[in-house]
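Got two chains here, each in a separate frame; can you build the complex from them with the hints?
Sequence lines, in order, name chains A and B.
Mapping the first sequence onto the working numbering, position 97 (from 1) lands on 400, and the numbers just tick up by one.
Mapping the second sequence onto the working numbering, position 49 (from 1) lands on 111, and the numbers just tick up by one.
Calculated from the structure, these hints are not laboratory results.
Watch out, some of these pointers could steer you wrong.
Stated by the list, open to error - In silico SDA-like cross-links for lysine to any residue, where the CA-CA straight-line distance does not exceed 25 angstroms:
hint	chain 1	residue 1	chain 2	residue 2
1	A	362	A	413
2	A	340	B	107
3	A	362	B	165
4	B	75	A	344
5	A	353	A	377
6	A	329	B	125
7	A	340	A	350
8	A	405	B	107
9	B	75	B	102
To be verified - With the C-beta cut set under 7 angstroms, the calculated list includes, among others, these residues of chain A facing chain B:
hint	residue
10	344
11	345
12	347
13	399
14	400
15	403
16	405
17	406
For each residue, glycine too, the CB sits at the ideal point set by N, CA and C.
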Amino acid sequence: QQPVQSPQAVILREGEDAVINCSSSKALYSVHWYRQKHGEAPVFLMILLKGGEQKGHEKISASFNEKKQQSSLYLTASQLSYSGTYFCGTEEDGNNRLAFGKGNQVVVIP
Amino acid sequence: KAGVTQTPRYLIKTRGQQVTLSCSPISGHRSVSWYQQTPGQGLQFLFEYFSETQRNKGNFPGRFSGRQFSNSRSEMNVSTLELGDSALYLCASSEDSLSYEQYFGPGTRLTVT
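Isolated chain B (complex conformation) (with noise of 0.2 angstroms):
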């Protein structure tokens, strides 16, 4: 089976403009989570999708938004993109609950500048 995918893997923005970013699961994967990784933070969880809908939500601003469709390929939306928000995302996907094992994409470098 092919890995989870996501694209783009680098990403440079400006201040205030907005960006999104895609991932596509392994096939037969209902689940899909995202992650922002900091070195200061390690692996904060952003949220998480499962059958189009959004199951669970970490603590961060409405600024960070998501999607997933039918084919379960999901979207993260970054609105109004500050400094901080240069960081490793990461999506995983997995079967079904977290009771399952999640596998990473390579994640998507986005620099804020």
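If we strip away everything but chain A, and leave its shape as in the complex, we get (with noise of 0.2 angstroms):
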């Protein structure tokens, strides 16, 4: 089952922070985030295993509350290459594959 991923697009000056959200229906095993530039493929930021295990990337974190389904991803102290699609993809319990969302779309500004 497809996650739903919030906002759709967000807008933002460097040095700012913005909160992505994924959320899935389903009980999840997994959750990986993401990012792709315009026309290169995606690139891996970080897994968050079942257990709420929050993990880190550059300024770039993210947390997976197993109860509500749902993982967040903390973008700190925005830089310009912070800028992209971020895709999170969903493992739920049993399944073995991923299910990618339609992604947030984030544009950094000067």
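Dropping the structure here:
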């Protein structure tokens, strides 16, 4: 089942913070986050496994709320390089395949 | 290590034809997954191969098929092409299961006319 990502688009200035969300109606085993820049392949950011573990990548961190089947990605002190489309991929319990959401478009302006 | 490579990078086909796309994973990676990316639907899972066996399959018609060779290289085939098959086809490799990060190739842009 395809997860739902929100908001669809975010515009922020350099140095500002933003939160983007990924929700599923199914019990999840893991959530994966990828970033794709225009014309490029998606690039892995992080995986969060069942257990509510929080992870970080540079100034980008994420959390996984197992009870709500929701993950949030936190962009802190955003940089121009953070611009791109962020995809979450969810792996349901026992499914062993990723379903990706439609993406959150993030634009960071000077 | 060399990254994931996909060939060809661009393809133009006509309706009714068939097409074969190729993916070479990162050395040592045994899992290869295929995705279709379109503006309207985003990234959609096609199938995953591990050690030459299809381990998972998405909700695509039987016209979409794939295989994996003993060196982990993978091919996907689409028969009887339709206009709606126009998309970017991405393959991704990982060491083992989906608990590991996936590394995506640059994709093959397929246009069906």
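### Query
Any CB of chain B closer than 7 angstroms to the CB of residue 405 of chain A?
This hint holds: residue 405 of chain A lies near chain B, its Cβ roughly 4 angstroms from the closest one there, short of 7 angstroms.
### Message
Next pair to validate is residue 362 of chain A with residue 413 of chain A; report whether the Cα-Cα distance is within 25 angstroms.
### Response
Answer holds: residue 362 of chain A to residue 413 of chain A is near 17 angstroms, not above 25 angstroms.
### Message
Next item in the hint list is residue 347 of chain A. Is there a CB on chain B closer than 7 angstroms to its CB?
### Response
Residue 347 of chain A check passes; min Cβ-Cβ to chain B is 4 angstroms, inside 7 angstroms.
### Task
Could you grab the alpha-carbon distance between residue 329 of chain A and residue 125 of chain B and see if it respects the 25 angstroms cut-off?
29 angstroms, violated
### Query
Close enough to count: is the Cβ of residue 344 of chain A nearer than 7 angstroms to one in chain B?
Holds: closest Cβ of chain B sits about 4 angstroms from residue 344 of chain A, inside 7 angstroms.
### Distance restraint between residue 340 of chain A and residue 107 of chain B, which requires alpha-carbon spacing of 25 angstroms or less
Holds, because 20 angstroms separates the two Cα atoms, which is no more than 25 angstroms.
### Task
For the pair supplied as a hint, residue 340 of chain A and residue 350 of chain A, confirm whether the alpha-carbon distance does not exceed 25 angstroms.
19 angstroms, holds
### Task
Mind checking the alpha carbons of residue 75 of chain B and residue 344 of chain A for me, to see if they're no more than 25 angstroms apart?
Holds, at about 23 angstroms.
### Interface hint for residue 406 of chain A, Cβ within 7 angstroms of any Cβ on chain B
6 angstroms, holds
#### Entry: Supplied contact hint for residue 403 of chain A, tested at 7 angstroms Cβ to chain B
4 angstroms, holds
#### Entry: Status of the hint placing residue 400 of chain A at chain B (closest C-beta pair under 7 angstroms)
Cβ of residue 400 of chain A sits 4 angstroms from chain B, so the hint holds.
### Query
Has the given pair, residue 405 of chain A with residue 107 of chain B, been kept, meaning a C-alpha gap of at most 25 angstroms?
Holds. Residue 405 of chain A to residue 107 of chain B sits at ~12 angstroms (cutoff 25 angstroms).
In summary, the one numbered hint that this structure violates is 6.
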